[in-house]
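Student: Sequence:
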Amino acid sequence: TRLGVAMGGKRETFDGLSGVGDLIVTCTSSHSRNHRAGLLIGQGIPAAQAVKQVGTVEGYQCAKIAYAIAREHNVQVPIIEQLCEVCYNGQSPLEAVSKLMGRPSKAEEEIF
Numbered sequence: 004t005r006l007g008v009a010m011g012g013k014r015e016t017f018d019g020l021s022g023v024g025d026l027i028v029t030c031t032s033s034h035s036r037n038h039r040a041g042l043l044i045g046q047g048i049p050a051a052q053a054v055k056q057v058g059t060v061e062g063y064q065c066a067k068i069a070y071a072i073a074r075e076h077n078v079q080v081p082i083i084e085q086l087c088e089v090c091y092n093g094q095s096p097l098e099a100v101s102k103l104m105g106r107p108s109k110a111e112e113e114i115f
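Taking this note's numbering, the leading residue of the sequence shown gets 4, the next gets one more, and so forth.
There is no bait here: all hints are sound.
BS3-like mimics (lysine-lysine), calculated; alpha carbons at most 25 Å apart, straight line:
no.: 1; residue 1: K67; residue 2: K55
no.: 2; residue 1: K109; residue 2: K13
no.: 3; residue 1: K67; residue 2: K102
no.: 4; residue 1: K13; residue 2: K67
Derived from the structure by calculation, the hints contain no laboratory data.
Bear in mind the structure is a predicted one, so any value in this text is a computation, not a measurement.
Can you make the complete structure from the sequences, with help from the hints?
Tutor: Structural data, given as structure tokens:
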């Protein structure tokens, strides 16, 4: 949401079905290749190998691109950053979650 708003999008778009709704389906559906790849990565299979096994995984490439765009716009995207660490730098998912959970809490309004 933070990145989309920084690029001129409306927060409401990301908070609705086209944003959060799509994300929930992608993360939870057994039909989702992103979901299947995530399960494999969570089981300790390296991301590149999981993607090769599952086939096309949109989130794998999108994470790298979104992170690059966020850096260009000076926008913090901690979840995407940790996703890239897991997918491209070999960080364990457990370490990524630990880093995210260790961040200071903020009210959502402080973010925008």
